[in-house]
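Please build the complete structure, drawing on both the sequences and the hints.
Position 56, counted from 1, in the sequence shown is what my numbering calls 371; the numbers after and before it change by one each time, with no gaps.
What the hints contain is simulated information worked out from the structure, not anything from laboratory work.
Keep in mind that the hints are not guaranteed to be accurate.
Said to hold, decoys possible - Here are the simulated distance ranges between beta carbons:
id, residue 1, residue 2, range
1, Ala383, Glu421, 34 to 42 Å
2, Lys413, His358, 14 to 22 Å
3, Glu379, Thr320, 29 to 37 Å
4, Lys420, His358, 33 to 41 Å
5, Lys395, Lys419, 17 to 25 Å
6, Thr321, Gly363, 30 to 38 Å
Bear in mind that the values here come from a model prediction, so they are computed numbers and not experimental data.
C-beta atoms are modelled at their ideal positions from N, C-alpha and C, and glycine is treated no differently.
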Amino acid sequence: MPLLTTRVTIYFGTWNARTWTVFQIAKEMRRHNPEVLRIGETHWTQVGQQLLASEELLLYSGHEEENAPHTQGVALMLSKQAQNALIGWESHGARIIKASFNTKKEGI
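Below is the structure:
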(Lines of atoms letter the chains of each structure in order from A and count residues from 1; the text may use other names and numbers.)
(Lines give C-alpha, C1' and ligand atoms only; values in the text may rest on other atoms or scores of the structure.)
Protein backbone atom coordinates (compact mmCIF):
# COMPACT_ATOMS: atom_id res chain seq x y z
CA MET A 1 0.00 0.00 0.00
CA PRO A 2 1.51 3.40 -0.98
CA LEU A 3 2.45 5.79 1.81
CA LEU A 4 2.25 9.01 -0.19
CA THR A 5 -0.78 9.71 -2.36
CA THR A 6 -2.46 12.91 -3.49
CA ARG A 7 -5.68 12.06 -1.63
CA VAL A 8 -4.43 11.37 1.88
CA THR A 9 -2.64 13.66 4.34
CA ILE A 10 0.19 12.03 6.25
CA TYR A 11 2.40 13.51 8.91
CA PHE A 12 6.15 13.39 9.41
CA GLY A 13 7.79 14.50 12.63
CA THR A 14 11.23 15.12 14.07
CA TRP A 15 12.30 14.77 17.68
CA ASN A 16 15.55 15.08 19.63
CA ALA A 17 15.78 12.02 21.86
CA ARG A 18 18.21 13.35 24.46
CA THR A 19 17.64 11.09 27.48
CA TRP A 20 14.20 9.77 26.50
CA THR A 21 13.72 6.03 26.27
CA VAL A 22 12.39 4.42 23.11
CA PHE A 23 9.15 3.61 24.93
CA GLN A 24 8.62 7.26 25.93
CA ILE A 25 9.20 8.30 22.32
CA ALA A 26 6.74 5.63 21.07
CA LYS A 27 4.13 6.94 23.52
CA GLU A 28 4.60 10.49 22.20
CA MET A 29 4.40 9.18 18.64
CA ARG A 30 1.03 7.57 19.35
CA ARG A 31 -0.15 10.82 20.95
CA HIS A 32 0.81 13.04 17.98
CA ASN A 33 0.18 10.36 15.32
CA PRO A 34 2.85 10.95 12.63
CA GLU A 35 3.47 8.14 10.14
CA VAL A 36 7.25 8.66 10.22
CA LEU A 37 9.17 10.15 13.14
CA ARG A 38 12.83 11.14 12.72
CA ILE A 39 14.72 10.91 16.01
CA GLY A 40 18.02 12.75 16.43
CA GLU A 41 20.70 12.70 19.11
CA THR A 42 19.91 9.10 20.04
CA HIS A 43 23.45 8.37 21.27
CA TRP A 44 22.86 4.71 20.35
CA THR A 45 25.61 2.58 18.84
CA GLN A 46 25.39 0.01 16.05
CA VAL A 47 22.86 -0.26 13.22
CA GLY A 48 19.64 -2.22 13.37
CA GLN A 49 15.90 -2.40 13.61
CA GLN A 50 13.50 -3.34 16.38
CA LEU A 51 9.76 -4.00 16.32
CA LEU A 52 8.29 -2.60 19.52
CA ALA A 53 5.51 -4.25 21.50
CA SER A 54 3.31 -1.28 20.57
CA GLU A 55 3.92 -2.24 16.89
CA GLU A 56 6.06 0.74 15.84
CA LEU A 57 9.19 -0.18 13.91
CA LEU A 58 12.43 1.49 15.01
CA LEU A 59 15.27 1.80 12.47
CA TYR A 60 18.47 3.14 14.00
CA SER A 61 21.98 4.11 12.93
CA GLY A 62 24.89 4.99 15.18
CA HIS A 63 28.64 4.51 15.43
CA GLU A 64 29.50 0.99 14.29
CA GLU A 65 32.99 0.62 15.75
CA GLU A 66 33.57 -1.58 18.78
CA ASN A 67 33.76 0.51 21.99
CA ALA A 68 32.44 3.50 20.02
CA PRO A 69 31.43 6.61 21.95
CA HIS A 70 27.75 7.08 22.69
CA THR A 71 27.49 10.27 20.65
CA GLN A 72 25.41 11.27 17.65
CA GLY A 73 23.03 8.66 16.20
CA VAL A 74 19.75 8.92 14.30
CA ALA A 75 16.64 6.78 14.04
CA LEU A 76 13.30 6.54 12.30
CA MET A 77 10.18 5.29 14.03
CA LEU A 78 7.51 4.04 11.63
CA SER A 79 3.79 3.57 12.11
CA LYS A 80 2.08 0.41 10.85
CA GLN A 81 1.08 2.20 7.61
CA ALA A 82 4.65 3.38 7.00
CA GLN A 83 5.97 -0.14 7.72
CA ASN A 84 3.64 -1.55 5.05
CA ALA A 85 4.96 0.98 2.51
CA LEU A 86 8.65 0.55 3.45
CA ILE A 87 10.72 -0.74 0.53
CA GLY A 88 14.10 -0.64 2.27
CA TRP A 89 16.47 1.41 4.37
CA GLU A 90 20.20 2.10 4.67
CA SER A 91 22.54 3.43 7.31
CA HIS A 92 25.02 6.08 6.19
CA GLY A 93 26.93 6.54 9.42
CA ALA A 94 25.92 8.01 12.75
CA ARG A 95 24.21 11.07 11.26
CA ILE A 96 22.31 9.88 8.18
CA ILE A 97 19.65 7.21 7.70
CA LYS A 98 17.78 6.69 4.42
CA ALA A 99 14.43 4.95 3.95
CA SER A 100 12.52 4.30 0.73
CA PHE A 101 8.74 4.02 0.63
CA ASN A 102 6.24 2.82 -1.95
CA THR A 103 4.37 5.85 -3.37
CA LYS A 104 1.83 6.42 -6.12
CA LYS A 105 3.83 9.27 -7.66
CA GLU A 106 7.36 8.95 -9.04
CA GLY A 107 10.08 11.13 -7.56
CA ILE A 108 8.47 11.93 -4.22
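Against the structure, the hints:
no., hint, in the structure
1, Ala383 <-> Glu421: 34 to 42 Å, "38 Å, holds"
2, Lys413 <-> His358: 14 to 22 Å, "20 Å, holds"
3, Glu379 <-> Thr320: 29 to 37 Å, "36 Å, holds"
4, Lys420 <-> His358: 33 to 41 Å, "36 Å, holds"
5, Lys395 <-> Lys419: 17 to 25 Å, "19 Å, holds"
6, Thr321 <-> Gly363: 30 to 38 Å, "34 Å, holds"
Figure legend: structure checked against the earlier numbered hints; every hint is met.
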